[in-house]
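What follows is each chain in one-letter form.
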Amino acid sequence: MINKSLYIMILLFACLVISCQSKIDNFKEVERFPQIFPDYSDILIPPNIAPLNFSIKEPGTEFEARIYVNKDKQIVKRSINSSIRIDIDQWHELLLKGMGSKLFVEIFVKGNDGNWQKFKTITNEIAKENIDNHLAYRLINTGYALWNSMGIYQRNLENFDEDPILENKSIEFGCVNCHSFCKNDPNTMMIHTRAIHGGTIISQDNKLTKVNTKNKYTLNSGAYPCWHPDGKHIAYSVNDITQHFGSGETRIEVSDGSSDLVVYDIEKNTITTSPKVSTASRENLPLWSPDGKYIYFISAPPVVNLVDRIRAKYDLMRIAFDVNTNVWGKVDTVLSSKTIGKSISFPKISPNGKFLMFCTSDDGYFTIHHAATDLYLLNLQSGNYQKMEINSPESDSYHCFSSTGHWFVFSSKRIDGLFTRPFFSYLDDEGKASKPFVLPQEDPKFYLSYLKNYNIPELITGKVTVSPQAIRDKVLEEAVLTKLDPAVDTLYMKEHLAKPKTEHSASTTH
Amino acid sequence: MKLKIPDLSNLFILLTILVAWYLTATVIQPMLHYQLQQTAFMTGIEFFRNFTAYPGGVSDYLAEYLSQFFIFNSVGSLLIVAVASIQGIIALSIVKRLAGGTNYRYIIFAVILLFGVIVLCNYRYPYYASIRLLLAYIFTWGFCSLNSKYPRFSTSFWLVFASLLFYLAGGPALFVYTLATGIIFMITNKQRIWLLAVPAFMIFAGVVPYLGFKYFFQITLRNIYHITLVKPPDSLIYNPEVQLYAYYLVLPIILLIVLFFLKFPKTEQNHKFKKGKDVGKVSLLKNVRFIVSSQVIIFSILAGLLFIKSYDPNNKNLISIEYYAEHEQWTEIQKIAKKINTYDFRINFQVNRAYSHLGQLPERMFSYPQLLGSRGLFIEPALMFGSSIMPTSDLYFDLGFMGESQRWAFEAQTLLPNSPRILKRLVMINLVNRKYNLAETFLTALNKNILCRDWVRKYEKYVSDTTLAAADLMIAEKRRFTPKKEIVNLGNLDRLKLLLETNKDNRMAYDYLITFCILDSQYDEFTDYLQDYTHYNLKSLPKSWEETLAFYILKNRTRPRYVTPETISKNCMQQISDFNTTLKSFNNNLAEAKSTLYQNFGDTYWYYMLYLRPEVTNILKNKTEVR
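Quick note, the sequences are listed as chains A and B, same order.
The first sequence runs 552 to 1061 under our numbering.
The second sequence runs 89 to 715 under our numbering.
I should point out that these hints are in silico values taken from the structure, not numbers from a laboratory.
Virtual Cβ for every residue (Gly too), placed ideally from N, Cα, C.
Hints should not be assumed to be uniformly reliable.
From the structure, some residues in chain A lie toward chain B, with a derived Cβ separation under 10 Å [to be verified]:
#1 Asn-710
#2 Asp-712
#3 Glu-718
#4 Thr-1016
#5 Gln-1020
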């Protein structure tokens, strides 16, 4: 008798479970879109991206998402904790078949009263063009003067795998920064290490070298880098950088007392510069044109006082440079800060040479700490520029084009105003960018509690294959000193560097 | 009923455990470990993943989990004693398996327990070292058991256990395991294969960590071979002491003694004692009570000596002050500060903070030697050895300067990313700043700490219903006080001025500003701001203020416009006159007058000016000496 009752109860429970998982036939339609986090709605999706897992921010006891290109083949995910995690194989199959089509997401939520609600269908679009399949970035905490563990990592954008390129715990917790790749190539890379075991690590097809780019005729060792398209030269700015702490919303300002440009020839191990890019003005953030004939850079007037130093606006300039002869051309102004009314920084040119994307802020060049920082787009063919529609009220800053030039990644603090996250967008041939979406994570609520910043996101076409251990071992070696190009006007440079640097410690008000 | 040795030993073992638990809870106080190290165990895969990337990480994860309960003295003590006791029991089990019953059960157990507890006298001791060692004990015990059951496969077991142990507990644990199992192998292996196996084990234990370093793990060579890791923050770096090395070597040494006695059984005894002649001695040495009592006495002496060597009450008091400051128990800070005879800038800083919170700063500031001048009010974390960062953030939070408090909280969070104390501070700052999204981010992170969930529940409501935040008196006050003006590169005095410019009702900022001016002899600012004292409902000037004003007037032969003959009390004028008279009686010889002046005027501004201020002592010339 007891056994019979037990069987009936088990049967009833099984029926209950099955009925719970059964298809939702009765539901009330809600005439608005559901709130989801991250916001993966109205976006253009790279066909090779990892599943865009999300959580449903609607009150309920059970949640269901149906994801499809056409209704005969749906991915259906049901959850009791509002997190929708999509099966990776099903997702890639769906995206592959739906390239160039719309992707629909239907959201159902079961309310406390036991009734299901269906929200308006979210519509996204699947692009025809893949995004570069890896993203390199540095993960750091928010401290300004101190650091603890940090590292440069690479994330496979087609799944959720994250691997270290170099972690500072292997090099006695020195600072690692400014990772840079040549034309999105994972096998042509450089990384700076600072504080302990300082130097610049250059990786070319898994062959590693460590160099010290400082010599007595340059202001400092190379800081902000840019690879020449030939993969044999790197342009650097050399900077005298200081941090200034603020009393209000902008917690920190970073400024240069002076800065110049240099070019490092990897094969010859020589540094060259010129009085044209080592002036009293502050030349900074070099960028090669895709044909390798010009260096674009930003420049601000010389420092007179602290206000100048922090509040100066940078113009966008360029200068011709021949890497074969080390001959510098004439400096041109590409876009003046006076014209745009903003300070210009971090210029990046699309691989086809059509667009130049840059950051703007009210002053200075270190934009990440300024909430007002926005991305602008300059059409190099027409000379027209515009503020991009992808900006948010929070800081939208450092960006990088994919190897094809249509996809790009940029740093944004739009989620909470503090932590920098990588966002992706598609730039069409007319210069119109799609609505950005954040790097997908396996746990959709990841960004709601993750306390590190994604710093300098760089798209790369594959995985960096040189091992972290090999890089570590190279970092632990002594750096090779670079030589000065004999053509450098050393007399000028000596004089230039000997000019007294003004101390600026007084306070200044906005 | 006659007690057998095991019974008597067990009784004493139990007593020793109880005493160890009690002393750990009351004298060492595990909560101070928690306070200093800001232990933070977080649930979730992200946190765990950090520990899987290096050898020993899994043990560290377990240690992190256990040591979060150090926040409760009794529970923390229980865990510490339990882990050390398990090690002791394992050692007894191994010895029993190798040598059968022993008369020295008590001392074997007690010595391991002693080292397991005594290492905790150093508040920087990373508890993972105990857990790593525990794993070495467990694996040794596992090997010992399997070795006796399946001797033919012992080398295979050894290799599997060694590889696994290296990953779970790191290089030094592998080394302990290798030594211990090598000795076990020597005892149990009759075919002398051990002559080959033991050196092979040693080579394995030396080479495997190197191979791990070279090809598998992102770690420094030093950290893979050493018991404790060198990693930031500097203020928590633990320098291994002899107690730690002894703790790690005690099991191999015990086994070595067992080996010695098994290899040379009773031969010594036969030589020493001849039948009939030394019967008394022999019977005494076989007497249960004598043997166990001797062990207890020897152990007690050893424990006492080790405790005296290991325990540093000053350091404990210093951490206690930080603990009470975090929990805003200001009178406790004053009590403990009195117990500490040596000067420490961190105590100076917290004592000033305590005075201020108790409304006593103007009255009693010179009761503590203000050797650093204004730098005793604001610690410069980057410049002074041994300083920690959170107290600076706390002080700015007290003052209502959210920007500065947040800046230092971020610096602190960089060094201790999951510290509950720091995350709580960041939540509060962002609630004050109305950055509810950000407050929610820190609350969500904090919610992964199982000990903080009640706190999170309370403040989650502030995010979902922001009127609750507005109604919170503390938050409301901070919102009134925090500066809105954007200014960069402010010094400490400028920050205090900005706070008063933002809201004149900020009494703490006012007290700090006046104190700053006094300590730095900035008389223009002092006299300028002092005239506002009536705004704070003060009917007369507090002690240090009137002493400074009296000194200023006498020195400059002029008095500020707002000063009347009643502003400075007659008592104060009499005192300054007495001070001068005393000094003159020594012909203005400062060195000779010092002792007398200290007795009568040691807590006055005038004494500070002549003997204590940094310009006189030159204490700031070598900042690393300021401890």
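Legend entry - Hint validity - Gln-1020(A) Cβ closer than 10 Å to any chain B Cβ: Status holds, d = 6 Å.
Legend entry - Interface hint outcome for Asp-712(A) [beta carbon to chain B under 10 Å]: 12 Å, violated
Inset, instruction - Go through the hint on Asn-710(A) and say holds or violated, using the shortest Cβ distance to chain B against 10 Å. - result: At about 16 Å, which exceeds the 10 Å cut-off, the nearest Cβ of chain B leaves the hint on Asn-710(A) violated.
Inset, instruction - Could you check if Glu-718(A) really has its C-beta closer than 10 Å to a C-beta on chain B? - result: 4 Å, holds
Inset, instruction - Go through the hint on Thr-1016(A) and say holds or violated, using the shortest Cβ distance to chain B against 10 Å. - result: Status violated, d = 15 Å.
Of the hints listed earlier, those the structure fails to meet are numbers 1, 2 and 4, in rising order.
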